[in-house]
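Chains as they are written, first to last, in our numbering: chain A, 4 to 492; chain B, 89 to 213.
Bear in mind the hints are in silico, worked out from the structure with no lab data behind them. For clarity, every value in this text was computed on a predicted model and none was experimentally measured. Glycine is no exception: its CB is placed at the ideal position from the N, C-alpha and C atoms. One or more hints might be untrue.
Claimed, not checked - Per the computed footprint, the stretches of chain A lying under chain B, defined by three or more beta-carbons under 8 Å from a beta-carbon of chain B, are:
1. 105-117
2. 120-129
3. 234-247
4. 281-294
5. 442-454
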Amino acid sequence: MNIVLALGLSFLSGYLIVSAAWPRDNANQPERWMKLFISAGFGIGIFSIAYFVDRWLGIVHILATDLCLVTLLLAVYLLARARRKPSNSIADPVPDLKPPHWLRRLLMASFGISILAALYATVLRALAHPHGDGWDAFAIWNLHARFLFLGGSHWRDGFSTLIPWSHSDYPPLIPAAIAHVWSYIGHDDPIVPAIISLIFTCATLGLLVSAVATLRGITTAAMAGIALASTPFFIEQGSSQYADIPLSFFFLAAAALLHLFQQRSAQVADGSPTGLFVLAGAATGLAAWTKNEGLLFLFAFLASQIASVAWRRHPPASESRLNSGRELVIFLLAIAPFLLLILWFKHFIAPSGDLFSGPEAMLHKILTPARYWAILRWYGKDFLRFGNWVVPTTILFVAIGLLSPSAGIRRQNTALRSSVLTLTMTLCGYFAVYVITPNDLYWHLRFSLNRLFLQVWPTVIFLFFLFVSGQASSESQAEPNSRQNQANL
Amino acid sequence: MKCAILLFTICCLLSTIRILREAPNPVHITRDDVSKKSDERFAAVKTRLPASGVIGYIGESGNSSTPDYYLTQYALAPLVVDRSSHHAIVIGNFPLSRPSDLPPNLRLVEDCGSGVLLFAGEDAK
Chain A
4 MNIVLALGLS
14 FLSGYLIVSA
24 AWPRDNANQP
34 ERWMKLFISA
44 GFGIGIFSIA
54 YFVDRWLGIV
64 HILATDLCLV
74 TLLLAVYLLA
84 RARRKPSNSI
94 ADPVPDLKPP
104 HWLRRLLMAS
114 FGISILAALY
124 ATVLRALAHP
134 HGDGWDAFAI
144 WNLHARFLFL
154 GGSHWRDGFS
164 TLIPWSHSDY
174 PPLIPAAIAH
184 VWSYIGHDDP
194 IVPAIISLIF
204 TCATLGLLVS
214 AVATLRGITT
224 AAMAGIALAS
234 TPFFIEQGSS
244 QYADIPLSFF
254 FLAAAALLHL
264 FQQRSAQVAD
274 GSPTGLFVLA
284 GAATGLAAWT
294 KNEGLLFLFA
304 FLASQIASVA
314 WRRHPPASES
324 RLNSGRELVI
334 FLLAIAPFLL
344 LILWFKHFIA
354 PSGDLFSGPE
364 AMLHKILTPA
374 RYWAILRWYG
384 KDFLRFGNWV
394 VPTTILFVAI
404 GLLSPSAGIR
414 RQNTALRSSV
424 LTLTMTLCGY
434 FAVYVITPND
444 LYWHLRFSLN
454 RLFLQVWPTV
464 IFLFFLFVSG
474 QASSESQAEP
484 NSRQNQANL
Chain B
89 MKCAILLFTI
99 CCLLSTIRIL
109 REAPNPVHIT
119 RDDVSKKSDE
129 RFAAVKTRLP
139 ASGVIGYIGE
149 SGNSSTPDYY
159 LTQYALAPLV
169 VDRSSHHAIV
179 IGNFPLSRPS
189 DLPPNLRLVE
199 DCGSGVLLFA
209 GEDAK
């Protein structure tokens, strides 16, 4: 019962903050689902930060402070709701794929089967591995959670350099969220990390489907859902109690919110829905609070927003209300609290990371071409096999991408371009870390590259289907027009 | 586009079959309770240890030595377990066989069973 109370308060915190920032209008059904899935992840993020701050300040009355937090968020929500006028925007029809009726029915049946199979396998895996599947669960994430929960005034000991390989410099979103729920039930029950792991797996899948359905339509969303739910490695990691799936959730949330912001900016007559952009910034901040790779993603996202200022000098008519300079300021304000928290954590609590060796050794590695070639080969190999598919979905994506009528990424919207740039920079950042790693390169690639690819995989699926469906739709619109022109001639 | 959607769906469903085939059998789920068993092994010695601080560790060599260490650290948290014998309190973790030769600075205080030994270090840091 206490678990339900803790998770309920966590979800409520997320829902209140997400609803406070979400535009107040007649959202359609997929958009409501999108909001709920984002709330689930954000709630766990807020719960994690709240517990960490409680530990830092030495607060022991956790329930009382949580109730204060929820009351505060409720006040913010009511205030935001009262101040924001309901917009009378008319949603444009979304450019969905339009297969024949029989194919659509087949697609929907396959979607249902793949989702049910994914949930079935994830739950069975969680039951078979109640303490997580693999070392990282007990050597890093759950270990840090135990220190936070059981450590009393010595909770910082969990970030000691005397514990090798426990990545004490990793931010504590997952450990602090687990410890927060443990504080409600009074002991370190292993069911809590398992439940949090399942919540993120389901929320990632749900967010992908609902976001694509909101932006493109249910047929495209079904294809996106099938692509993720039929990725065996996603299902394996979904119950592993590692932090890669939660990280992938926040990457996806940032990209989805950015796209929704752009779509709404083009629809809203009186001002742009800046709350969505604030939430996109918060999603990158929570990614940075989850894992060090999230910090890289945050800076890549920031850099791509700066780059998009240049792209928007001559924006298309649909993006005329976007004010890039203002957006950049909003984004910086949104990430500032998270960056300050992470800076404080890195400076005062965490030891220095284990990825940087001395400058001489690093320079030697940077000047060794064989390392680049080795990493490139592993990137190529894992591109085909990281998902543990029967037929690599990445190959299918390349084939479909080549077959689709190509207007090119340049003609696609700004959000798509900046999201692709963000992911490209993130992957380049991962590449650079492999170049300088002090560990054995092949060992490091073997045990981490597939998980790094998995972190970006839900966002890749999201962007791919937005791109393909946008292309197919512009072709189907162009076709009747050209026929009409020919008839006129 | 019709063919592409059809081919894509079929290929994805093949992977779904793999997911189902590799899922644990719901009738006979074999639970991987390695860390629970480890917690139980160290439950007795935990009562003899301080609530916080740093203790030393010695264990078996070989492939299982690193997982054994992490399981010990996980079981004894919030104590920090340093992989060194130069501490006033040292935990010995020998799940397979008792050690034949121990570091000379260690004195056995108690055999807690299941291969868990409690030592006193005589040249503590």
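Next on the checklist: Using a Cβ cutoff of 8 Å, are there at least 3 residues of the segment 281-294 of chain A near chain B, or does the coverage claim fail?
Outcome noted: It is violated, with 0 qualifying residues against the three required.
For the segment 105-117 of chain A, do three or more residues have a beta carbon lying closer than 8 Å to a beta carbon of chain B?
-> holds (count 6)
- Message: How does the segment 234-247 of chain A fare against chain B when you require at least three residues with a CB closer than 8 Å, holds or violated?
- Response: holds (count 3)
TODO: With a C-beta cutoff of 8 Å, work out whether three or more residues of the segment 120-129 of chain A approach chain B closely enough for the coverage to hold.
DONE: holds (count 6)
- Message: Under 8 Å between beta-carbons, do enough residues of the segment 442-454 of chain A, three at least, approach chain B for the coverage claim to hold?
- Response: violated (count 0)
Violation of the numbered hints given earlier is confined to hints 4 and 5; the remaining hints are satisfied by the structure.
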